[in-house]
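Colleague: If you read the sequence shown in our numbering, its first letter stands for residue 11, the second for the next number, and so on.
None of the hints are false.
Cut-off 30 Å, straight-line C-alpha distance, at most; resulting in silico cross-link-like pairs (BS3-like, lysine-lysine):
| hint | residue 1 | residue 2 |
| --- | --- | --- |
| 1 | K13 | K96 |
| 2 | K33 | K88 |
| 3 | K28 | K96 |
| 4 | K47 | K33 |
| 5 | K96 | K85 |
| 6 | K47 | K80 |
| 7 | K93 | K13 |
| 8 | K48 | K93 |
| 9 | K13 | K88 |
| 10 | K47 | K28 |
Pair by pair, the computed Cβ-Cβ distance ranges are:
| hint | residue 1 | residue 2 | range |
| --- | --- | --- | --- |
| 11 | P91 | P27 | 28 to 36 Å |
| 12 | A45 | G76 | 37 to 45 Å |
| 13 | K77 | E18 | 42 to 50 Å |
| 14 | E78 | A19 | 43 to 51 Å |
| 15 | A37 | R90 | 20 to 28 Å |
None of these hints come from the bench; they were simulated from the model. All C-beta atoms, glycine included, are put in the ideal place defined by N, C-alpha and C.
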Amino acid sequence: MTKAELVEAVAKSANIPKGAAEKAVGAFISSVSGALKKGDRVTLVGFGSFEVASRQARTGRNPQTGKEIKIAEAKVPKFRPGKALKDAIAAKKK
Numbered sequence: 011m012t013k014a015e016l017v018e019a020v021a022k023s024a025n026i027p028k029g030a031a032e033k034a035v036g037a038f039i040s041s042v043s044g045a046l047k048k049g050d051r052v053t054l055v056g057f058g059s060f061e062v063a064s065r066q067a068r069t070g071r072n073p074q075t076g077k078e079i080k081i082a083e084a085k086v087p088k089f090r091p092g093k094a095l096k097d098a099i100a101a102k103k104k
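Take the sequences, apply the hints, and build the full model.
Modeller: Next comes the structure, spelled out in structure tokens:
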């Protein structure tokens with residue numbers, strides 16, 4: 011699902027104009043991004059949690075040359091699905 015498809019789904023589900031849905035989706039993304047930049051954890055009960063994790067420095071390989079390269083430590087966003095989301099997906103597959 012793309013952002014445009016998400017906006018359309020939100021507009022249809024909430025029975026609001028697409029413009030309002032686009033603002034709402036944009037505000038959600040902006041709010042989550044801002045919280046993660048500050049190092050906060052964002053928890054949506056029943057859906058999941060967004061958090062920032064540190065990825066340690068490591069040695070990798072350049073696939074074109076095969077040379078070893080050093081990959082610096084980095085902060086990366088992570089998402090952990092909640093129980094309700096896991097259950098909804100599991101029930102869907104059956």
